[in-house]
Amino acid sequence: MTPDELFDIIVIGSGPGGQKAAEQATKSGLKVAIVERERAVGGTCVHLGTIPSKTLREAALTITTLKRNADVFDFKLKENMEVSTLMRRLDSVLQSYTNHISQQMDLTGGKVFLGRASFIDETTVLVTTVKGKRTVLQGKHIIVATGSRPRTPEEIPVDHEHILDSDSILSMIYLPRSLTVIGAGVIASEYASIFSLLGVKVTMIDKTPRPLMFMEPELTGKFLDNFTRYGGKYIGNVNAKSVEWNGLQVRTILDNGQELLSDKMLVAQGRLANTEPLNLSSTGVQLGSNGTIDVDENYQTSTPSIYAVGDVIGPPSLASVSMEQGRRAIKHIIGESSKESISLVPIGIYAVPELSSVGLSEEQAREQYGDNIIIGRASFDEVARGQIAGIKDGMLKMISDEQGEKILGVHIVAEGATDLIHVGEMAILNGNSIDVFLENILNFPTLGEAYRIAALNIATKRSQRQSKKLQPRIQKLIDEAELN
Amino acid sequence: MPNQQETLSPVQQVANAIVSGVKNGDLELPVMPSVASKVFSLSRNPEADMGELSKLIHSDQSIASHVLRIANSATYRSGEPIVSLQQAVTRLGMKLMGEIAIAVSLQGDIFNAGGFEKQIKELLRHALAAAAYGREIAKKRRRNVEGQFLCGLLHSVGRPICLKLISKVQKQLDVRLNDKEVAQIVSAMHSKIATKAALDWDLPRQLQVTTHYYPTYERAPSFKDESAATYLSQLLGHWMMEPMKFNVLDLSKDPVIEYLNFYQDDFQYLLGRKDEVKAVVAAMEL
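Here the protein sequences line up with chains A and B, keeping their order.
Counted from 1, the first sequence has number 84 at position 84 by full-length UniProt numbering; the numbering is strictly sequential.
Counted from 1, the second sequence has number 144 at position 144 by full-length UniProt numbering; the numbering is strictly sequential.
It cannot be assumed that every hint is accurate.
[Unchecked claim] Beta-carbon label-pair distances, calculated as ranges:
1) A:27 / B:215: 42 to 48 Å
2) B:179 / A:96: 48 to 54 Å
3) A:39 / B:248: 21 to 27 Å
4) B:275 / A:68: 52 to 58 Å
5) B:248 / A:255: 45 to 51 Å
6) A:242 / B:184: 54 to 60 Å
7) A:261 / B:172: 47 to 53 Å
8) A:131 / B:183: 32 to 38 Å
9) A:39 / B:52: 39 to 45 Å
[Stated by the list, open to error] Below 27 Å or equal to it, Euclidean Cα-Cα: the simulated BS3-like pairs (lysine-lysine) are:
10) B:253 / A:133
11) A:392 / A:201
12) B:253 / B:274
13) A:111 / B:253
14) B:55 / A:201
Bear in mind the hints are in silico, worked out from the structure with no lab data behind them.
All C-beta atoms in this analysis are idealised placements derived from N, C-alpha and C, irrespective of residue type, glycine included.
Chain B with its partners taken away, still in its complex shape (with noise of 0.2 Å):
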């Protein structure tokens, strides 16, 4: 009689191998080879420029999530937390932050996602558009802006994460599953992946709260503006992405809007800081 495992489908088989991989705590987020290099390049020079490497890391989710990960570990940590990349930077100072840019360097399997570069650089990518655009949400609204930054940078966190573990898993059982079955297991997992990771990851409440309820914003049980300017700058930086595929007509009638009690020309501001946003985005792409 064939075992279980056998008899299930690979999308089964791989779901439930990532199941008991985040189960036993094997969130690593793909790092963009280019991103780390860089660091560790920066973080080694000494005439280089703090601003820079500051820049950087802003510009990375993975490194963003590595860097408050790895400066609140007990081996970094001097006292206070490290809840911001601003507040890593200036507390570690160079030496510090270049030892974190080893650490997440020397990780066995970096950028370990065979197959899916490109979904990891589109998820970047939008997921830069929704950290530019949760800027402009939080300027708009006269809120502090390093917060939802951090917020649209890692909203989507469980994605790049789920596409490695389906790599990993893939090459475990020898199996290959198609697009549509990656996409359905990413859109599956990726909600709980993400909530866990941050968890895990020690990240700040608010990254915690909105990691997990941007798409249901209303029942957020705290930060719930933050929650639905994040679910917001995701919804923009989809728009910004791939224009064809919204109506802006649709997009000014999302709940949201009213929510965050953005007016028709508040809304219409926010649309007219595309240019913006991508210039953002293409300065922070590596």
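Chain A extracted, bound-state conformation (with noise of 0.2 Å):
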């Protein structure tokens, strides 16, 4: 077939992976078509997933904050607590934000198809808009970013009115009384932590013992601590048997025989890669076991001209990853591949609190460098900024070798910890010793200090263990005691 338009590379999906790709790929010189089968840039992230969410997130905690100093300031919540309410200012967030990387997109040259792609071999696709108009576009490469949906458990009748999933939560009209969460990873924590905050008496039920399972389980003890607070509940290790509407509310039997009834259920059991209508049988690309596109370091697949990144390769399904894998992508296209591949992800979790983490978890570090790494804690009651702001529930911890110097892990649970972190990841990065925190001055006062605290202690233990002549069995005990 003949292609209507010759490109140097052809993006298909503008979100976070296809935009940070089509960046690149234009300062690079190259020439770009981008691919959208939505009616305006910037995917899942920003429609339907990250943006929408993190708006409502933020007039929760308004709420909250609000709520808790209503006395000081003789303030009244107004009880007319519609979702479209709380979510008022989705609409100017999403315009100035698609407004912004459309703008990007005019400044770097790259040319938009708004269409669905599909594969009709591996250098050309085929766009076909709302209305049926067909381009052919050929690319010497070609970026898939199509991202991922919702999954949809087959026992589990999703009717996005009473049974709802991620993409059709946020358009509900009115907050519920209740809500049965499914799922316990982090769209189902976020979600079920925003509602309880919002006074959404919330059951979240899965498999596994506790929610968040990957990451530290002193984090997610914080974050359990802070969830039923609010009035939530978390039931692990029971599955659910079977889901249905009964005519007025959510009724859910549970394999060890609970029934739940709730006025809504969100389910969030995982996403599937969106690979279906791109006709990937043309081109040769092998697809992993659960649908997801396979690649190497660099993003190539198995069919050198195609390149993915983003949700649709796979975990950790992120956007801040997804963003620095299109980078590469193209970087590698262009033979400038990046020195080192990325070992160091942050992961942050937009729950309430926050949690988020970088670098290895403690039996990770034990795995690595034996019983004998030292951990440091800081709990944000002894911060100060943490007493002034009301985070006082929070903690960071830090992990480091068995000499007290190397940092091995950081993980935080707390307002800010997304931010947080990226002290920790620099630190980590540039291999500091814990000492980069106590012979420096951090400002004060500032959550930033949770640092310096976690260091001390690190630093207290180290010198304890150096001082202390103690025979192995009862420094192991001692230990054994400050690790508990």
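From the two separate chains plus the hints, produce the assembled complex.
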């Protein structure tokens, strides 16, 4: 088929991964086409996921702050709490964000095609618009950044009315009185804690013993404390045997026989890669067992002209990571591969409170460095800024090697954790010793003081180890006591 | 010298009277007696199923709006506002729903739109079709369908009110308009009446906006997508009721299809839901 237009790079999907790939490509002087199936650029992250859910989160936090200070300011919260009221900033946020993205694309010179893309062969893509107009594009290289969508388990009848997924939950017209959340991953935990804060009676259920199993148990413990304080409930080690709308409420029967009734249900049990409409069978691109696209360390697929980035290649499914993957894929195409592969990925979970981590977990650190690693902790009730800001129930956990020098990992649960983590990330990347937090000045009062407290905690344990020539057995007991 | 009212044509007299009626807040929706009496009897039956009551309330434009309005009145509101029918049924319970049904039933001139019963039944049927299509559209777009159902159900709420007002004014003035004149007044006034009713009844903001802006969805200050979906749902409702009047090809070229980003196969899917929508309308129609 004769192409209508020729490009160096065709990027399919304009979410975080696609955007950054297109930006990097145009900055590198390449002729770029961006294909987007929705009517505006930005992808799920902007229109249905990250941005809308964080807008609701901010509203929930604002309401909580106002409630907390109601007596001080003689303030009474308006009762009229339609979800749209809570989300009213969303339109302006989306408008300004999509404008920014469009401007970036205009500035860098990428040409945007609104339509569905499907491969004709490994360098040719057919774009079909909503009206049915067809354009054939040819690119030397093609980046697939088509993202993912919520997975709907067969046994759960998602109707987007009573039983919702993460796409439809935010278009509810009112806050339900009760909500059952199936799942215990990032999306489930974020929404469960946000709705709980808004006064909804939330019950989370999952087969795992605790939510966010990939995070440090101490952090998730704090998360659960907070969640239950606001009336939330977590039921672990169970599966939903059946879910039905009984005409009035969502009725869930668990495999332990327990019955749950709620106004609404959110199903957040993973996501599926958006690969079906792409006709990848015409390209030889290999798919993974769960429908994601297989790529190598340079994000190149089994077909050399095709790369894939973001959710479509599977975990960690973070916008931040997708962006870097997009940039790196282009770097590889133009022969400027990054020096190192991405080894350090900060994880940010926008639950209430936020959870964030970078580097090794305690378990991983023990496996790699042995049981003598040193753990430093800072509770936010020791941090002056935490007291001032009402962030008292957070903690920062710092993990070092057995010499108490090398920082192996940092884990934080508290408001602001997703920003605060970057201090630890940079320290790890630069190979700083924990002493960098002791021998330099940090602003006071700040939440960053928690780094200094945790570092001091490690330094104290380090000096105890060095000065007290205890018998190894006693030292072990002390260490164990400290760890517990 | 004849006064100004005497020199006006019957259409103008009726129109003027309606304008003043609207100003006075005389916006009562005609209630289908069969629905009102069934809600009434269900609510008094201790064995009755709440699910059945909920279904019934969802089936009637008039009852739905009365429930939302009365449930939010000072008498019944217990704190948080009631903005959806499911919420009304589950929060207020059978007893209060029964009281609301009684309140609706006891209103003086229930279904007093003499001479327009057929038109009102057609309007209700179309509203149900629009509501059911709203559900399908929302499902396809992976958006919450509850709000879109209500938008479809209440989008044309101004028309039956207008007919009821015409009926009332005709009696008062002892005039009789022909079908064309009635249609002319309804067409000119239903939108303003719907907007006022939505505000007076304190309907959820989404309904206030979509009821007013659905024909000009791109100009809606908020809920643009919901207004566009309402426009499409009422269009499909018309097509379902009178397929011979519509060319499907023309329908597929309506700008709203592009606005909602429905590709050709998505649109074909919606058309293909016709039988399901018909079944919903038949099940809800009383």
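Determine which of the earlier numbered hints do not hold for this structure and return their numbers in increasing order.
none
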